[in-house]
Each structure stands twice: as C-alpha cells, then as structure tokens.
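Participant: The primary structure of each chain is shown beneath.
Number of protein chains: 2
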Amino acid sequence: MLKEPVRSVVDVSTGGMSGNTGRYEKRLSELAGLYQDADAHRAMTERLNDPVVYAVEDFRPGNQAGDLIYGVTRMGPGRIGQEFFLTRGHIHAKADRPEIYYGQQGNGLMQLESPQGETRIVEIGPQTICYVPPYWIHRSINIGDDDLVMVFAYPSDSGQDYGIIAASNGMRHRVMADDAGGWKLVENEDYRPRSGETAAAIMKQHA
Amino acid sequence: MLKEPVRSVVDVSTGGMSGNTGRYEKRLSELAGLYQDADAHRAMTERLNDPVVYAVEDFRPGNQAGDLIYGVTRMGPGRIGQEFFLTRGHIHAKADRPEIYYGQQGNGLMQLESPQGETRIVEIGPQTICYVPPYWIHRSINIGDDDLVMVFAYPSDSGQDYGIIAASNGMRHRVMADDAGGWKLVENEDYRPRSGETAAAIMKQHA
Chain L
171 MLKEPVRSVV DVSTGGMSGN TGRYEKRLSE LAGLYQDADA HRAMTERLND
221 PVVYAVEDFR PGNQAGDLIY GVTRMGPGRI GQEFFLTRGH IHAKADRPEI
271 YYGQQGNGLM QLESPQGETR IVEIGPQTIC YVPPYWIHRS INIGDDDLVM
321 VFAYPSDSGQ DYGIIAASNG MRHRVMADDA GGWKLVENED YRPRSGETAA
371 AIMKQHA
Chain Z
171 MLKEPVRSVV DVSTGGMSGN TGRYEKRLSE LAGLYQDADA HRAMTERLND
221 PVVYAVEDFR PGNQAGDLIY GVTRMGPGRI GQEFFLTRGH IHAKADRPEI
271 YYGQQGNGLM QLESPQGETR IVEIGPQTIC YVPPYWIHRS INIGDDDLVM
321 VFAYPSDSGQ DYGIIAASNG MRHRVMADDA GGWKLVENED YRPRSGETAA
371 AIMKQHA
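One line per chain: the protein sequences are L and Z, in this order.
Under the numbering used here, the first residue of the first sequence is numbered 171, with each subsequent residue one higher.
Under the numbering used here, the first residue of the second sequence is numbered 171, with each subsequent residue one higher.
A few of these clues could be false.
Intra- or inter-copy, both count: the list cannot distinguish identical chains.
Okay, derived cross-link-like pairs now, DSS-like style, lysine-lysine, Cα gap no bigger than 27 angstroms in a straight line [unchecked claim]:
(1) K374 <-> K173
(2) K354 <-> K196
(3) K196 <-> K264
(4) K354 <-> K173
(5) K374 <-> K264
(6) K264 <-> K173
By construction, these hints were calculated from the structure, which means they are not laboratory data.
Can you make the complete structure from the sequences, with help from the hints?
Facilitator: This is how it looks when you write it as structure tokens:
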C-alpha cells in the first residue's frame, strides 16, 4: 500500500516536531534503579514533583521491515549525585538494527556497550551525528547545562529490549561528573557480565 | 561481526562530514537530457567549464539488510532556462525502501512521483525533514539563491534505480521558475506514463 510523503519541521528550542504520529515522556520516577545514589534520586523526584527527564516526538510509518522511524528527543539538564540525566538504555529487539542520532542543541554523550561488555563513548554536540552500529546497547546522557536535543532515525522493525540491561544490573560503566566540570567513566560495581554464550546468542540474532 | 560506533561532524557551510567512507560529485554535463532547454544546458556547461552541481559525502557501513547509510548532500544554486539545478531522481532498487532528508541550509523541493504517476512536492528549508515513503521516485531541487544542504539516511540495502525515470522520459512534471520569484509545476510533454502492469510490478517488489 502506498504511503504519502511527510513534511516535519523540527523546533530545536522545544524538541517538537510537526507531522509526528506520537509523543511520549519519561519522568524521573521511571528511572528508579539506574543511579548509584538511590537516596538522591528519591529526594529529587519528590522535591521536583517527579519532573519530565526526556520527551520524544516521532513519526512511525508502521513497523514493516525496511521502513524508517524518525523523530526528535529533548532531555533536560540534571544531576543525581555525581550522575547526569540519562535514558535507561536499550538494545534493539532485532539486535542487528542500527540507529542514527544527530545533535541539534546542548552537549551529550552516547554510552555504548557491546554484547561482550566493551564500552565506547561518543560526544554529541550540535551538528554531530552518532552512528550506533547493530548489536550495541546504547544510552544517551545530558552532560550539559541546557536541553540536549537530537534528531534520530532507526529501522521501523527494530523494537527496543530493556531486559538485557536489567539482567546485567545496568551498563558496565557509569558516567560521573569529575571535579573539573567534565565527566569520567567509573566501573558499575553492581554490573553482572554477560556470559560468552549470552553474548554469542545476541550476535547471532537476526530479523 | 561487530562494527565500531562512528562520530561524524557535519559542516553545514561546506556540506562536508567527518567520518565519511566516501564522496562523489555530479557535474552539469552528467545532467544532460533532464532539462527542457537542451541548448541552455549545453551553453551553461561550456561557459562554466562543467561545474559541480552537487556533492555527497556519506558513511556506508556495508550493504546488509537492516543497516543504515547516512550522509550530507550540498547542491549549488543554478538555473537552466526556467528550470533549477536538480538531481536526476531515482527509485530505490529495492523499491520498498524509504529515505529521510533533513534540510540544514537553503531552500529546496523534493519532487516525488508514485509508480502510478502521482506527483507530490515537499518544501525543504532548514530544520525540515522530508520522509520519502517506500515506492516513491524522488528528486531534490535547489530553488534558492544559496547552497541547499541536507542530511540524509536510508536503509543500506536500498540501492538506486535510474532506469525507471529513463523509461518514462523523466518525471511527469517539471518544476519551473514562475514570474513572481517562486516556482510552478508544468507537465513534462515528453513523459511516457507507466502502464498499470508496470506500476503494479513496482509495488509488488520486495527485498
């Protein structure tokens, strides 16, 4: 069946996008368990009345293989202890699907983790594209003082899988603020490495 | 096999992109046959010593199904008679593959044509996304006085098919400058409509 072309105008200042088919928000309470300092997370959630951490507006043409979903994400600035506002992180349910992010405003990081537990960090500022290859778990982090706004696109049959992170008690590393106004990687002490069999099974997974 | 993440910085003023795996250019002589005024095309090609009409820098992770190619395209401003600088136009070799364009600078149009010969025009300025759905022939046109710069992404197994346009002697309509500094659509008198059987065959084509 033939679909109609779509025109979407991105409002970088609000993270909005015309022509979208949907919108969703994540609030701070939904990020429970991600932060090392659970008390600080709980206190901030109460003090700020469970604020929105990030919002997404996207266009979904359907979920046929070969088609593309695109949208805009806006994440506010914020700190929980020495950690930053971030997304839970996911691998695609079809693990061999990639994703592209394109920074529009603010300063962020993409934290990536391979099935074998290797970490990569890609710094994202305005006009920076981050290519997330197939099979990499990924999470975005707002390390700046302003909203982090990114345009993204991914195959429409990708899906999202959050269980792989839950099974390993988060990602292998935490991004923490350092004393110089920047960031550093520290080991996540709760991290449970995936077995070689688990990693191999993920790498074998196809559409 | 696991691929590494990629960071690409887009230079909007030049249409360049770091981290690219390739670059190509199209010169005016290569657009022979597209314009109504063949004499004007030939004269301008000679007078300007066959200028570059557009250049593309892209990142190609490979051509596996489910992966994504992305890049930047820059098209100069120019007129051939009452027509503008433009791309030849293509449908994807796997016709059910879509494409996303994201305007960064300048003023352009995406001219789209369905297998059945319907025309759609999407105006693209800065921060405008154009979603080209599966099965639509598409061409970009620079209707402004400056470079038209767009970021794009499409499935890595899409391929490009230029034969469908050659077979119909171009697209059904031509975009022409009007007397008010804008543009208008006129019928392409050389256009040869595709048969219902041809259109149906395109719509049935899958990966």
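Participant: Hints numbered earlier in the text: which of these fail when held up against the supplied structure?
Facilitator: none
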